[in-house]
Structures are given as structure tokens and as C-alpha cells.
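K.L.:
Heads up: the protein sequence lines correspond to chains F, W and G, in order.
Numbers 61 to 608, taken from this note's numbering, label the letters of the first sequence in order.
Numbers 4 to 180, taken from this note's numbering, label the letters of the second sequence in order.
Numbers 841 to 1239, taken from this note's numbering, label the letters of the third sequence in order.
Hints listed in this document are in silico derivations from the structure and should not be mistaken for laboratory results.
If you're wondering where the values come from, they're calculated on a predicted model, not measured in any experiment.
The C-beta atom is built at its ideal place from N, Cα and C for all residues, glycine as well.
Treat the hints with care, as some may be off.
[Claimed, not checked] Now the stretches of chain F that chain W is said to cover, found in silico as 3 or more residues with beta-carbon under 8 Å:
id, segment
1, 290-301
2, 460-473
[Stated by the list, open to error] Okay, derived cross-link-like pairs now, SDA-like style, lysine to any residue, Cα gap no bigger than 25 Å in a straight line:
id, chain 1, residue 1, chain 2, residue 2
3, F, K368, W, S132
4, F, K222, F, G69
5, F, K368, W, I156
6, G, K935, F, L582
7, W, K138, F, T311
8, F, K214, W, N10
9, F, K99, G, K935
10, W, K138, F, E364
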Amino acid sequence: MELKEIKCGSCGHVNPPGTQLCQSCGKMINSDYDKKKIKDVMRYDGSAIRSKTRSKSIFDKIWMFFTSIKVGVSIILIIAVSASIGTLFPQEYFIPVGVEPLQYYTDNYGTLGRLYYELGFHNLYSSWWFIILIGMLALSLIAASIDRGLPLLKSLRNQRAKKHPTFYKRQRLNLHQHNDGHTESVIEDLKKKGYKHKSDDNHHLLEKGWLSRWGPYINHTGLIILLFGSMLRFFPGMYVDELVYVTEGETVQIPETNGQYYVKNNDFIVDMYDENAGSVFDETLQNSNEMVTSNYQTDITFYENQNKDVVGSNPDLEEVEDYSIRVNHPYRFDQFELYQSSYDNSQMKSMTFQLEDSNGEIIGDQFTVNLDNPDQSYDIGEGMEVNMRAYAPDFVEIDENGALISETPVATNPAFVFEVTDGESTELSLLQVMLSTDITQDNEYSVKFVENENHWATVLTLKKDLTLPFIATGFIIFLIGLAIGSYINHRRIWINDEDGFSISAHTNKNYFGLKKELNPILEKNGYEHIFDRDAKDQNESVNTDEEK
Amino acid sequence: MKKQTRNILRISIILSIVILLGVTLWFNLTSDSQAVQVGDEAVDFQLETLDGEQIQLSEINQEKGVILNFWGTWCEPCREEMPDMNEIYNEGNEDYEIVAVNVSEGNQQINQFLSSLDENLSFPIALDSNRDVTKAYQVSPLPTTIAIDKNGIVVEKQEYQLTTDDIYSFIEQSTSE
Amino acid sequence: MESTMLSISNGLITAAFFILLVALIPLAVSIKSKNKRSEYIAITMIVVAFIMQIGYFILRWIATGHAPVSNMYEFIATFSIMLILGYLITYHYYKSKVLGLFAIPISLLLIAYGSLFSTDVNPLIPSLQSNWLAIHVITVTISYGILSMSAVAGLIYLLKAIPENEKSLRARILELIMAGIVVVLVYIVTTLIMQGAVGYSDEFMYTDQRGETMVADYHLPSLVNYSEAIPVEHVGDEQYEQADHFHTGINLPPVINSQSLNTVIWSIILGFAVYGILRLVLRRRLLAFVKPLASRADLNLMDEIGYRSVIIGFPLFALGGIFFAAIWAQIAWSRFWGWDPKETWAFITFMFYTIFLHLRLNRGYEGEKSAWLAVIGFILILFNLIAINLIVAGLHSYA
Chain F
61 MELKEIKCGS CGHVNPPGTQ LCQSCGKMIN SDYDKKKIKD VMRYDGSAIR
111 SKTRSKSIFD KIWMFFTSIK VGVSIILIIA VSASIGTLFP QEYFIPVGVE
161 PLQYYTDNYG TLGRLYYELG FHNLYSSWWF IILIGMLALS LIAASIDRGL
211 PLLKSLRNQR AKKHPTFYKR QRLNLHQHND GHTESVIEDL KKKGYKHKSD
261 DNHHLLEKGW LSRWGPYINH TGLIILLFGS MLRFFPGMYV DELVYVTEGE
311 TVQIPETNGQ YYVKNNDFIV DMYDENAGSV FDETLQNSNE MVTSNYQTDI
361 TFYENQNKDV VGSNPDLEEV EDYSIRVNHP YRFDQFELYQ SSYDNSQMKS
411 MTFQLEDSNG EIIGDQFTVN LDNPDQSYDI GEGMEVNMRA YAPDFVEIDE
461 NGALISETPV ATNPAFVFEV TDGESTELSL LQVMLSTDIT QDNEYSVKFV
511 ENENHWATVL TLKKDLTLPF IATGFIIFLI GLAIGSYINH RRIWINDEDG
561 FSISAHTNKN YFGLKKELNP ILEKNGYEHI FDRDAKDQNE SVNTDEEK
Chain W
4 MKKQTRNILR ISIILSIVIL LGVTLWFNLT SDSQAVQVGD EAVDFQLETL
54 DGEQIQLSEI NQEKGVILNF WGTWCEPCRE EMPDMNEIYN EGNEDYEIVA
104 VNVSEGNQQI NQFLSSLDEN LSFPIALDSN RDVTKAYQVS PLPTTIAIDK
154 NGIVVEKQEY QLTTDDIYSF IEQSTSE
Chain G
841 MESTMLSISN GLITAAFFIL LVALIPLAVS IKSKNKRSEY IAITMIVVAF
891 IMQIGYFILR WIATGHAPVS NMYEFIATFS IMLILGYLIT YHYYKSKVLG
941 LFAIPISLLL IAYGSLFSTD VNPLIPSLQS NWLAIHVITV TISYGILSMS
991 AVAGLIYLLK AIPENEKSLR ARILELIMAG IVVVLVYIVT TLIMQGAVGY
1041 SDEFMYTDQR GETMVADYHL PSLVNYSEAI PVEHVGDEQY EQADHFHTGI
1091 NLPPVINSQS LNTVIWSIIL GFAVYGILRL VLRRRLLAFV KPLASRADLN
1141 LMDEIGYRSV IIGFPLFALG GIFFAAIWAQ IAWSRFWGWD PKETWAFITF
1191 MFYTIFLHLR LNRGYEGEKS AWLAVIGFIL ILFNLIAINL IVAGLHSYA
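Put together the whole structure using the sequences plus the hints.
P.N.:
In C-alpha cells form, the structure reads like this:
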């Protein structure tokens, strides 16, 4: 059984159940409302913000729960506190690449770190409970807005200018004066300030900034769109965030494109600021221990594969264009972007050696071993030849057959068995980093390390984000709604001269500004300043010293 | 608002949110496990072998079952299982093929390893130097061995060293109808 | 040419500091005696100082070729200038002098803190080389300046409204805030003395998060240090010798900036020591000592200012601190939002002011409740500025 609709005793208008102030004349028709929850009855213009029914289904119960501001604020608070927990230790995507997470958190942060990991806090922002909180926020936004917005729309849409005297008295700003001769003038002055005028006999309504009331509902709509967009991120195909590692000179396939696109790293450039450039920065740079980078750049050639059919097959690459990817200047193709992320200069590329005899004299030319795909033999001249008999990129031990065992295929700790021959006799030696061991006895020659060269590799980030339009649109709408709600004020002034001059005013925010606008007009027309029942000192003029 | 409209509105909004949340959570949970599993269709690929030939999975798979063995010379269990695989392969392999997919290495390392073996390997060694096939199959630990039947379906997968029994089992699975 | 501009620029901001300090006198006089002339003098001085600060800003921009918001000092200087701007705007509407009496010292304290950081000009690293640097940071500092007015108004409200000898939680917390301000002051003075006058300098060599070898120069005895840090002495160009400096042996992982944390810990210890002395000397609470300054304030007006600043400042914060920041992050780092500590705490600040507005507008949280919330908001802003930048080392931590 529903609460009955309420018929106003004064003007006869039939109001929806729960309405406090008559929608037509503003008289209090229902004082049986929750005064704790509704402190200012004019906040929603006296309309019923929640319709009550006795038969509450589970959906009704859920709905009512989420329309509560207290619930909404609590959800926001819980989300804020949860978010702060994620900043205690770095999230998983901020820890160094390739490190095992459990290891990292335990090593660096001890038991607390381990607990953090076990609870899943290292991936807090995509954890199931955080997602549910966001979902609850969305429901709260929708429910609270609909429940308040629709009744408000109804009551603000067809406002009558004629209001009951109790309505006037109920407003925070209210004034009654005996001389009514200046009503027209006051109205004209107000109209000059942008107020729209509506009248009914000698009752008048002056209104401006109506749009302001919709600010919150617009910004909530924006937020809902934003939340929808961020939810889409989890849907397949909407979001790609991958690293693309390209060594200088290499061409690699771009992931997630089904082999359609390839990128070549022609050159990776790092520029540093010159500490003797003659600029204002010289002194700072000279004082600093580190070099300051001025630019990271990867000069790429972008290719399209005409033959993308089977995985692993040789691509038929057609050059699309050249581009220089720099920080703040990504390369765009299709729905993707390639960003300059970082670089890697730590992988060894080659090692250069030279042969020396027992007197330390250098024999022949230097030879360079390419660590990725080394040659077997090196003719160094003077009748000497060096052959690489064995090689381990990441040397760990020698097995029972005398073979060099490698731990990984990455050249981080290279070791070689070199055979030095002059055509007749051969010598063998084992070369590791900083250590040379003769294999054959009494070697006359020794292979000496000269220098090594590292690879330059660029690390690019491949990004595709189809959720971006939703999120951007949502947030822009939010900002517009926020601006409308904050910077514009909805001001209404009711005037009647039934019995002397009666004026009352209401605004959704900034009574200070309303008074500042209204009082000079009243003063000009010979009236007193409007009475503000919430102000302490009623004699204060607007530009007053606040100090007593 | 009419009671009926209000009810429809409330129910549909609440349900939509619950469903969307559910779907989101489901995607979130399942996004990590995308590796090729038993029952999936095998991804076709084409690679060059050590001998310089091109092999394509689908071509071989037309007539025979295929056992893919992802390996590397630095991987000790891979090195250990190779001779066993070779011996069993040499017993007869009309119905199946073993393709040893080497992950990321250059010829020098592979040849160095092969020359250390007592016997030459009889099955083809495919060179996946870009890791394209390794990534397509989401192979993580090495060795990983995958059995594909004649219908192109993955019927077995093992992410550690094969014993001789394992090898026979893989052969049987890839050749069974 | 540029270095001349820089010198003038530095001179301007230093002069502005002193003018603002002196302006407090006519301001206080105008409150006590309601003298219009003092008020006029005070406001004129403040406006002049502000113009000089703008001069500092513009000249430094021209000299370096980029907006002077690229390191800690520059950012804090800009923030403190915006506090003055916030006050001037508020004064224009509400003509409150008491607000200035509190806002100006806070602004000065802030810039004093900022000047502890390197005031050198730096060239921009690649990720900062964008117009968005200026757009994002300037908008957000303006919003901070306006939002801060709500905290100042809130503080005045609390000082006036809370009785000085009340044995309540709220009085104790307010007193804690007073103590906090003492701590900050002590920290600034200690650093100036230890670094400048005494020249205390203990160097420690350690390995940072990225595996690089770094040397930290401690200006206070080491209470906490980096894991496996070795005390060293700088003997040459890149040469360091092992040395014997005081340290407690408490070591923390390099993700925490132990040097900053060390300074913070010292500040708290010394700060509370000074606070303790002050309490003994004054024989009453600090808040009782400060209260008279707020006695002339109109509580309603403070409440009004507290609310209006948030209503005006919050949309600007959403625009500059979230929206512009996201656009820039997308262009520079390929992701508009990564939940890094700085972004997350900006989000928390955003949510906090949302709660503020909802509680105020929908639940009637006015007066004292609102004042407390406003003060908390400012603390969140400071936390984001200081703690996140200094203690949690990361991508965002250069300013």
C-alpha cells in the first residue's frame, strides 16, 4: 500500500506522496518527514526524494540502500583508503622487469612485504574487491541521482510564481516592508541583472542560473560514463600495453598485430646536456655527479607485412615510413601507438681479442667475436689462426665431456675455448671474464681481451586503448557538470505586494553573493537589506569588516 | 513516476551493474591463463630448419601426428632427453613426426651442442630465433613438449623432462585416432 | 643576459619574502585598531610583493626557456606564490584581514621550506619537455592556492571556536597541529644551520633501486640509512675512500629515501623538543598563545570562505591536477593513469574534497566539522607534495 498523494489545503494542488512543500504554492503540507536526513527542506525544493512503498522487494531494498548519501560517502571513503594502501609498497608493474614478485616483496620489505603480496595488494587496483567497490560506486551514483534528480526536475520545471506566505517565511532570506510602491522598479532592476521574470497576478518569480541545479547530475553522468569506460578495459581487444624490445639494427614483429606490422631500430640516440654549453644550466650541470639526458630517441622504419599468414614464416616487408620516436612524441599506426619507454645498453654484443706471445708482443691483428652468432675461425695474419672450439654465453661449468655448459642463452658471462694454430702445432686455452686458463701445457701464445661492445636496444611501449574515448568523454562531461554546479548559482526571488512588499530569496549556494546582488537593489529602492536568519549580525552591510 | 516504470528501472539498473561487474571480474580472472592447453587447436606455423628447409606444421600434420619439443642448448633436461627421443624416433616413425623447436639460439650454439652428441639427431630441428612460435604457444618453462594429433588438436602437454615412458606415451597419443 | 635575468629573478623573490613579512605588521595593526590606513598599507605591500613574485616567475621562465615548475624548489615557490594569490582573491571578495594574518606566514613558511632544496636551474629531462608541464602544474598550483584558503579559514575557525583549556580530543588535535608547525619551523632552521652554517656533511655510498652506485650527503647524523651503505669521504673527482661516520646501523631498502627520512625523524625529535620547551616557558598550550590572533575573526565568514574556496578551487583541481595531468601522462608515458603514488594521492585528495562537498551540501556539515575537514584536505595536499616526492622514490618524484 502506497502512501497517499497529498492534496494541498491552500491551493488544491495534488502532490506526490512524501512531498513536504506543495509543488504549487510552497505551503508545508507534510511535516512528517525525517528531519535528521532532510535538514534543509528547500534543498530539493520540498519534493519527496524517496518514494516509500511497503512491499519492498530485494531490488527495492538494494536500491534504497544505494540512494543514501551516507552510503555513497562511505564507499568513496573506503575506495580512498584502499587506494592509499596500494602506495605503501610499489605495485607489481613498478618492480623491475623479470624479477619474481614474491621474492621481490619479501627481500625488500620483509614479512610485511610478504603479507602485502599474499593479500594481493601488489595488484590492488585490478583486484576483485576493488572492482566491486567501483561497481558499488557506479550504482550509488546512478541510484542517488535518479532518486533525487527526477523529482527535482518535476518540481523545478513548472514552478508557479504564486507562493503561500509560509513559504516566504520559510526562506532563509526574507523581508516584509509596508510600502509597496517600488515593486516594479525592483523587478526591473533584477531583470537587468539577468533574472527571468514570471508573474501570476501580483506574485512574481525572478529566476536565474537554473542550469546550476543540473550540475551535479551532469557530473554524475560523466563519472558513470568514465567508470563504464574503465570497466571496458578488462574486455579483450580493448586494451594493449606491451613492451617492444628492439636492438639496434634489428627488425622485430610488433605483438598483438597478428604479424601485420614490423618495426626496425635504425638508430637509438641518447643526448646529454653539455655542461659547457654556455647556458644558464652550466653551473648546475657541472656541480651534479650525473649526466642529465636531454633527449631519448629511436629512429625507426615502420613496415607492413604483405605476407602475414603463418606464424614464423618469413615476412614480406613493405616499408611504410620512417619516424623518430621521442619521449612525448609517440608513433601512431592503426589504433596503436609506440612510445619511447626506456633503453638497454647492458647486453654484450661483441668482444675483441688479440694474440700475444710469451714476451708480450702482439701477434697479428685483433679479432672480434660476435657474441650472438660467432664465427668459428679468425685469420689474424702472420700465418696464425685462432679457432673458437667452444663457446658458452652464460658460462657456469664444464661438464664431464669437457663441454662448456651455459646457464642461459644470454651473453652475460661468456667463456671461450680458443685454439691457436700456426698451421703445425695447436694450443688451447679457456677464456672467461677476467680469467684465462691454459688447457694445453706450456702455451707460447696467449689470447688477451682488448675490449667489448654492448648492444644498444630501445624499449618501446606498444599501446592500444579503445576505452580512452569513453574515459575522456566521461571526464570532460564531469568537468562541465562540476563547473556548472560550482560556478553558477541558481537564484530565485519571490516577490508579492498582496499586503505590503514581501520578498524572499533562495539559492542553492553562495547566499553571500545573492545578498550582495540583492541588497543594493533593495537599498536603491528605499527598502532595508534583506533579513538573513542565518547571519549573526543583522546590521552588517555587505562590504563589512568581519571583525568586531 | 509510475510504480511499474520505477520497478523496471530499478531492476534493470541493478541487474545491469551486477552482470557487467560479473563479466568484468570473469575477464579479469581469465586473462592470465591464455596458454595453449590440451584440447585447443594447434597454431599453425612455418619455420626454417637447421638444414635450411622450410617446414610447416599443417603440412606435416596432414598425414602424421606431431610432437613439438621446445628446447634450448642451455637447458639441461632438454639436453638429456634428446638422445632418448632420437633413439625411439629411429625405431620407426611412419605415423608421427618430432619437430624440435629451438628457442632463440643461433647456429653456432646448436651445432656446438649437436657435435657433442654421440649420434646425429634424425628429426628436424626448427629454428625459432625470433621466439614467434614460442610466444604463439605461450611456452614458458623448457623443455615443453606438446603432442598434436592428426586432426590438429593438442592432446598432451608436458612442461618438464620426458622419460622414455613419456616419449612412448606422447607418440601413442599423437598417432591415435 | 640570461644570468642577469636569473639574478634579478632571485632578488625579486627574496625581496618579496621580506616585504610580506613586514606587511604583517600593518595588517595586525589594522585588525586590532580597525585602522583603514593600516589596512591599505598592508594590502598594497602584499600586492607589490605578489607582483614581484610574478616577476620572479616570468624572468626565470625566460631565462631557462621553460616554466619554472620543474623541480622541488620551483614547485614549492610557485605554490607559495599561489597562496598569496588565493589570499588576494579572497580579500577582494570578503575583505578579510585575519585570513591574511595566517595565510601569509604559511606561505612564507612554505617557501622557506622550498629554499632548502637546490635552487639551481635545471635543464629539462625528456619527459618534462612539453607544454603540458606549464599547463598542468600552473593550473594545479592555482587550485592549491585557492583550496588552501579553506584550510586557513578552517584553522582560524578552530582557533577561535575551541576553548584554550578544554580537555577534549579536538583541543588536543589542534594543539598537535600547532606542534606540527613548530616541527616544520625547527626543521627548516636546523637544515639551514647544519647545512649552511655548520657545514655538517657525512657521505655514504650505496646502491639505489636501479642498481646504480650513489653517494648520499647527510647533513644530520645518520639515524636511518640505505641498506649496505658504506660511510665514505670524498677525496677526488669520482674517488671515495672509506671513512668512519656516525650511523646507528638501521638500514632501509633503497626504495625509501633514507636521507630524507633521516631528516624527517630528526625534525620530529628536535621539533618536539622545542615544542616541549615552549610549553614549559609559556606555561600554557601553544594554541592558547596563538588564539588571540584569531579572536577578531567572524566565524560565519570563516565558514563561508572555507566553503567557497573549495567550491571554486575543487573544479580547478579536477581540471589541472587530474585532467591535464592525465593528458600529459598519456603523451609522455603512454598511460594516462597508472596508480603511481603521486597520482593515487591526487586521487585521494580529489575523493576527499568530494566527501567534503557532499557532507557539507547534503548532510549539513557546517561550521566546526567543515573546518576540520578543510584542514585535513590541506594536510593531504602537503602529504602528496612532501612525503610522496621525497620518501617514496619513483617515476613522479622529481617535483
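K.L.:
None of the hints should be skipped; say for each whether it holds.
P.N.:
Structure-based check of all given hints:
With 4 residues bearing a CB less than 8 Å from a CB of chain W, the segment 290-301 of chain F meets the requirement of three and the coverage assertion stands. Counting residues of the segment 460-473 of chain F whose beta-carbon sits less than 8 Å from any beta-carbon of chain W gives 7, enough to reach three: the coverage restraint holds. With a CA separation close to 18 Å, the supplied pair K368/F and S132/W stays within the 25 Å bound. Simply put, K222/F and G69/F have alpha-carbon atoms about 15 Å apart, close enough for the 25 Å limit, and the pair holds.
Between K368/F and I156/W, the direct Cα distance comes to roughly 23 Å. Compliance with the 25 Å bound is thereby established for this hinted pair. Annotation: proposed proximity of K935/G to L582/F holds, straight-line Cα distance about 22 Å (limit 25 Å). A threshold of 25 Å between alpha carbons decides the hint, and for K138/W with T311/F the separation of about 17 Å falls inside it, so the pair holds. For the given pair, K214/F sits about 19 Å from N10/W by alpha-carbon distance, which is consistent with the 25 Å threshold.
Distance hint between K99/F and K935/G is unfulfilled; the C-alpha atoms sit about 30 Å from each other, more than 25 Å. With a C-alpha separation of about 20 Å, the suggested pair K138/W and E364/F falls inside the 25 Å cut-off, and the hint holds.
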